[in-house]
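Here is what each chain is made of, one letter per residue.
2 protein chains.
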Amino acid sequence: MEKIFVNKMEQAEWNQHTKERVARGANPDLRWCYLVDSTKNSSHGISVGCLIIPVEDELPLHTHAPQEVYLIKSGSGRLLMPNGKSRSVSESDCVYIPNNEKHGLRNTGDTPLEVIWIFPTDCWKDVEYIYSDV
Amino acid sequence: MEKIFVNKMEQAEWNQHTKERVARGANPDLRWCYLVDSTKNSSHGISVGCLIIPVEDELPLHTHAPQEVYLIKSGSGRLLMPNGKSRSVSESDCVYIPNNEKHGLRNTGDTPLEVIWIFPTDCWKDVEYIYSDV
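Chains as they are written, first to last, in the working numbering: chain C, 16 to 149; chain E, 16 to 149.
These are calculated hints, taken from the structure and not from any lab test. Hints may contain errors.
As the list makes no split between identical chains, a pair holds if one copy fits it or if it spans any two.
[Claimed, not checked] With a straight-line cut-off of 30 Å between C-alpha atoms, the simulated BS3-like cross-links for lysine-lysine are:
1) K18 - K100
2) K34 - K23
3) K140 - K34
4) K140 - K100
5) K34 - K55
So here's chain C without its partners, still in its complex pose (with noise of 0.2 Å):
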C-alpha cells in the first residue's frame, strides 16, 4: 500500500549512466538522482528525479515516447531543438516536451544546471532514450 513520503534531495545517492549506456550515446559525466521513482519508492504514474549537466557539457539530443517536463532548479543553458534550434533555459523555467519531440539541454553557464524532470511514467526506467547521434 502506497504512504505519503518525503525525499530530501540532500540525502539522495546519485548516479552515473552505465558504459553500456555510454556506448550507446549517453554522456557519462551526468550525474542525477530518483525523488520518486518505483524502483526506489511505492508509488505510481509520476516519476522525477534531479540531473545535473557540468558546466560546458550536454544532455545530447534525444527522444522518447512519454511527453516529459523539465523545471530548471538553478543554473542556466540552451534547450536544444531539432534542425539546429534552441532556446535560452534558466532558473524557474518550465519546459513541456511533447511524446517522441527531440531536444537536449546544453549548459551554456558558469554553474552546474541542475534540471528536475517529469514523466508520467512509474519509474525511469520505463522510459526508452533513443540518441539521435548513434
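Chain E: place on chain C using the hints.
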C-alpha cells in the same frame, strides 16, 4: 499538434480561489500559477503549477483522486497528514502523495512557502479537491 514550449514563472499569471471555492473551504489568500496545463497550453498527461502559501497560512487538509507530487521550491513548513500527524519540509524536498490520501501544507517559516505541484492529469481543473473540514 503539440510543440515544445517554455513557460517562465516570472511571466506567469497568478490566480486566487473564487468565492465559490472559498465557501467550500478553500483558502482565499493562496496564490498560484499554471506552468504546464492543457487549459492554457497544448499539452496533456502532466500538469504542473506553483502555489504560494503566505507566512503562517496553509493549504488545508484535503483529498483528490489522482496521486500528486510536491517539490518545495523555497521556504519551509509542515506537511499535514491524517490523525494530526505532520512532517517538516523545506527547500528541495520532494513529496509523493498517493491517490485519495489526505494531505495539506502549512507555512511555518518566515518567508512565503513556494511549492511546485505535479499531477498526472491534463490540467488542474481535472482534479476535484475535497476539503475535510466542510
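Hints, one by one, checked against the model:
In the homo-oligomer, the alpha carbons of K18 and K100 lie at most 30 Å apart only across protomers (13 Å), although the nearest pairing inside one protomer, at 43 Å, exceeds that limit. Within a single copy, K34 and K23 get their C-alpha atoms as close as 28 Å, which meets the 30 Å cut-off; across copies the closest is 36 Å, which misses it. For a Cα distance limit of 30 Å, the shortest separation of K140 from K34 inside one copy, 16 Å, qualifies, whereas the shortest one across copies, 44 Å, does not. For a Cα distance limit of 30 Å, the shortest separation of K140 from K100 inside one copy, 28 Å, qualifies, whereas the shortest one across copies, 33 Å, does not.
Proximity of K34 and K55 under a CA criterion of 30 Å is satisfied intra-copy only: 22 Å inside one chain copy versus 41 Å between copies.
In this structure, every one of the numbered hints holds.
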